[in-house]
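Chains A and B supply the protein sequences, listed in that same order. Using this note's numbering, the letters of the first sequence map in sequence onto residues 1 to 207. Using this note's numbering, the letters of the second sequence map in sequence onto residues 1 to 89.
Hint data in this document are derived by calculation from the structure and do not stem from the laboratory. The reader is advised that the hints may include incorrect statements.
To be verified - Derived pair list, reagent style DSS-like, types lysine-lysine, alpha-carbon separation capped at 30 angstroms: (1) A:K170 x A:K127; (2) A:K127 x A:K161; (3) A:K58 x A:K170; (4) B:K83 x A:K170; (5) B:K48 x A:K161; (6) B:K83 x A:K127; (7) B:K83 x A:K58.
Note that the structure is a prediction, hence the values are computed from the model and not measured.
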Amino acid sequence: MMDDDAVAEVSADPRALREQISFRELLIAEIPNLRGFAASLSGSIQQADDLVQDTLLKAWGNSASFQAGTNMRAWLFTILRNTYFSLYRKRGREVQDTDGVFSSKVAVAGEQDGAIDLADLRTALAKLPEEQREAVVMIGATGLSYEEAADIIGVAIGTVKSRVNRGRAKLAELLGIQSADDLGPGRETRAVLQGGSVTVTGLSQVS
Amino acid sequence: MASDGWNPNIVALLMSPDRKALPMTSRPTQSGFADSHTDDDLPQLDPKVQGAIGRALQAHYDEITNAPLPDRFLALLAELEAKEQRHDG
Numbered sequence: 001m002m003d004d005d006a007v008a009e010v011s012a013d014p015r016a017l018r019e020q021i022s023f024r025e026l027l028i029a030e031i032p033n034l035r036g037f038a039a040s041l042s043g044s045i046q047q048a049d050d051l052v053q054d055t056l057l058k059a060w061g062n063s064a065s066f067q068a069g070t071n072m073r074a075w076l077f078t079i080l081r082n083t084y085f086s087l088y089r090k091r092g093r094e095v096q097d098t099d100g101v102f103s104s105k106v107a108v109a110g111e112q113d114g115a116i117d118l119a120d121l122r123t124a125l126a127k128l129p130e131e132q133r134e135a136v137v138m139i140g141a142t143g144l145s146y147e148e149a150a151d152i153i154g155v156a157i158g159t160v161k162s163r164v165n166r167g168r169a170k171l172a173e174l175l176g177i178q179s180a181d182d183l184g185p186g187r188e189t190r191a192v193l194q195g196g197s198v199t200v201t202g203l204s205q206v207s
Numbered sequence: 001m002a003s004d005g006w007n008p009n010i011v012a013l014l015m016s017p018d019r020k021a022l023p024m025t026s027r028p029t030q031s032g033f034a035d036s037h038t039d040d041d042l043p044q045l046d047p048k049v050q051g052a053i054g055r056a057l058q059a060h061y062d063e064i065t066n067a068p069l070p071d072r073f074l075a076l077l078a079e080l081e082a083k084e085q086r087h088d089g
């Protein structure tokens, strides 16, 4: 928070002052989303936070090019992915190893039709070609529309749809769940069933 | 695999050892000429599979976005703003 002295030192135009404050607050509000997208791209929280830091620096320096009232998330995502593809990709391997880089390995609970282990999903996501990975995450998790994603990536909407569909199909293949029959109970439940002597329709389970 | 004229449902049938795994939706085949990036060569994902994947993706993303922010970002923005104020003075 700025104290009175700092306020007096800043530009005399109160409108400019308000725009400065709100720009910073807009940035702060988008940081969680930037981390989510960056971590999905890079497969690493550590690398993601470096990427977000660089993105915030660039956004601050380019604030004049942001039109107030337009889509801040899309503007920031564009800066972030440009930074990722120009600087970060070269540092790491094409396929990231996600073992241990995410802190939790929680199963997605609460659904009858198949709980996919979060660690499994992240491992599979890291194996997707990057153009599919970013499209799948943008459309499936960030709340961006197909049109916004197409603008950010710089391709036609049909291309985004194609990449999303291919990405989802590839995830299903990597996770071994290409049909509804493959969706079973989560890992924990399956382990319990295998450990016990559950009898199903007269057949005994062999562990 | 030829991309012209293959009904995606037939492709799924040939690929699936178990006919129960056929996709539940069917769509008319598109010409494919207007847009080179069509999905006609992809079998449709089972909606249950798609739903499970969607939930898992959202859970992965939400876990990160719901986490508390590291100090470094707020510290960076505070520093940038302070520098700007010094220049304006």
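Results for each hint:
1. A:K170 x A:K127: Answer holds: K170 (chain A) to K127 (chain A) is near 9 angstroms, not above 30 angstroms.
2. A:K127 x A:K161: 19 angstroms, holds
3. A:K58 x A:K170: 34 angstroms, violated
4. B:K83 x A:K170: Violated - the C-alpha atoms of K170 (chain A) and K83 (chain B) are around 47 angstroms apart, more than 30 angstroms.
5. B:K48 x A:K161: The hint holds at about 19 angstroms.
6. B:K83 x A:K127: 42 angstroms, violated
7. B:K83 x A:K58: 15 angstroms, holds
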